[in-house]
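Assemble the whole structure, with the sequences as input and the hints as a guide.
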Amino acid sequence: MKLSKASLLSIVILAIILTFIIVSGHSIFVILAYAITFLILTSILIFIEKKTGK
Amino acid sequence: MKPASLKSFFSKIQRPALWLFWSLSPVALLSALYFSPNDYLHGALVRIMYVHVPAAWLSVSIYVVMGIFSFISLILRSSFYSICAKSLAFPGCALTLICIITGSIWGKFAWGTWWVWDARLTSVIVLFFLYVGYLNFCENGSNQAASFLNVIGLVNIPIIKWSVNWWFTLHQPSSFSLTQRPTIAIEMLVPLLLMTIVFICWTVRVFTKQFDQNLMHFQRGHYETI
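First to last, the sequence lines map onto chains E and X.
When you line the first sequence up against my numbering, it's residues 3 to 56, in that order.
When you line the second sequence up against my numbering, it's residues 31 to 256, in that order.
Keep in mind the hints are simulated off the structure, nothing from the lab.
Backbone N, C-alpha and C define an ideal beta-carbon position, used for all residues, glycine too.
Heads up, a few of these hints could be off.
[Said to hold, decoys possible] In silico DSS-like cross-links for lysine-lysine, where the CA-CA straight-line distance does not exceed 27 Å:
#, chain 1, residue 1, chain 2, residue 2
1, X, K42, E, K52
2, X, K32, X, K42
3, E, K7, X, K42
4, E, K52, X, K191
5, X, K37, E, K53
6, E, K7, E, K53
7, E, K52, E, K7
8, X, K42, E, K53
9, X, K138, X, K191
10, E, K7, X, K37
[Said to hold, decoys possible] So the derived list for chain E, only partly shown, Cβ under 10 Å to chain X, looks like this:
#, residue
11, L10
12, I15
13, A17
14, I18
15, F22
16, I23
17, S26
18, H28
19, L34
20, Y36
21, T39
22, L47
23, E51
Here it is, written out as structure tokens:
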């Protein structure tokens, strides 16, 4: 599976964002809500970039 | 606005939307997770609001915009507006799902349960199924049926908006109104607005990408003409 530059950048930024959310030290409910939200948003971005091939 | 100028506008905003999404996300997250105050009742759990409320606002707004595009496409028999509506359905469906999931997590803490068949929650799940139905019709090439479903489904929008006033619900009433000042503190309003801009940028990026692809399919003839 070959990922585009934009998709790779998305994955790197998502990893930073997830680390950011986890180290915030909030309750598991808050971490879960934010992690799920940004996982869905980023996965769709990567999926769209891959589908359009740019 | 003419279809050609709309098309050119969509391609112009595609790239800035992505960069704004990635650059604003850390700022919005910092603001929501670190700088915003705790609520007197919900404590730190109130931070779920900063992802739940923008997703809810956008899922409803996107459906209304789709409805307008579908209505125009049915009246003018124009495939262009049908493509616009179709391209918005996927981000709208995803945001409704985010709204339901984050609301459910918040509900587990606030109400002690993941789900209740409350008027607001039920009307939002109906919205989700409307999106799924619309996407399913589009997938099967029935664009006219999809447009009809979209327009008829607009009936659900005032129900979502006023369900908290019309029925006794567990869900709290709205803190925002177009005619009154928001009842929310400014320290909470800033992260909420920042996160809303992040979600809008994401929607614009996904919409414009989907639009390009759907238009390409249409030009290749893989699209039913309304």
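Each hint, compared with the structure:
1. Taking the CA atoms of K42 (chain X) and K52 (chain E), the gap is near 20 Å; set against the 27 Å cutoff, the hint holds.
2. Between K32 (chain X) and K42 (chain X), the direct Cα distance comes to roughly 16 Å. Compliance with the 27 Å bound is thereby established for this hinted pair.
3. Between the alpha carbons of K7 (chain E) and K42 (chain X) the distance comes to roughly 20 Å, so the proposed pair stays at or under 27 Å and holds.
4. Among the hinted pairs, K52 (chain E) with K191 (chain X) is inconsistent with the structure: their alpha-carbon atoms are about 36 Å apart, more than 27 Å.
5. For the hint pairing K37 (chain X) with K53 (chain E), the CA-to-CA distance comes to about 20 Å; that is within 27 Å, so the pair holds.
6. Between K7 (chain E) and K53 (chain E), the direct Cα distance comes to roughly 14 Å. Compliance with the 27 Å bound is thereby established for this hinted pair.
7. Using a Cα cut-off of 27 Å, the hinted pair K52 (chain E) and K7 (chain E) holds, with the two alpha carbons roughly 10 Å apart.
8. For the proposed pair K42 (chain X) and K53 (chain E), the alpha carbon gap of about 20 Å is at most 27 Å, so the pair holds.
9. Taking the CA atoms of K138 (chain X) and K191 (chain X), the gap is near 22 Å; set against the 27 Å cutoff, the hint holds.
10. For the proposed pair K7 (chain E) and K37 (chain X), the alpha carbon gap of about 25 Å is at most 27 Å, so the pair holds.
11. Interface hint status for L10 (chain E): violated, as the beta-carbon distance to the closest one in chain X is roughly 13 Å, over 10 Å.
12. Taking 10 Å as the C-beta cut-off, the interface hint given for I15 (chain E) holds, the closest approach to chain X being about 6 Å.
13. Annotation: interface hint on A17 (chain E) violated; nearest CB of chain X at approximately 13 Å, more than 10 Å.
14. The closest approach between the C-beta of I18 (chain E) and any C-beta of chain X is roughly 8 Å, which is under the 10 Å cut-off, so the hint is satisfied.
15. Below 10 Å, beta-carbon pairs count as interface contacts, and F22 (chain E) has one with chain X at about 6 Å; its hint therefore holds.
16. Using the Cβ-Cβ criterion of 10 Å, the hint placing I23 (chain E) at the interface with chain X is satisfied: the shortest such distance is roughly 7 Å.
17. This hint holds: S26 (chain E) has a C-beta 4 Å from the nearest C-beta of chain X, less than the 10 Å allowed.
18. Because the smallest distance between the Cβ of H28 (chain E) and any Cβ of chain X comes to about 5 Å, under 10 Å, the interface hint for this residue holds.
19. Interface hint at L34 (chain E): satisfied, since its Cβ lies 6 Å from the closest Cβ of chain X, which is below the 10 Å cut-off.
20. At a threshold of 10 Å, the smallest CB-CB gap from Y36 (chain E) to chain X is about 6 Å, leaving the interface hint in force.
21. At about 5 Å, the closest approach between the beta carbon of T39 (chain E) and any beta carbon in chain X falls short of 10 Å, and the interface hint on this residue holds.
22. Against a cut-off of 10 Å between C-beta atoms, the interface hint on L47 (chain E) holds, since the closest Cβ of chain X lies about 7 Å away.
23. Taking 10 Å as the C-beta contact cut-off toward chain X, the hint placing E51 (chain E) at the interface holds, the least distance being around 7 Å.
Going down the numbered hints, you'll see the structure goes against 4, 11 and 13, while the others check out.
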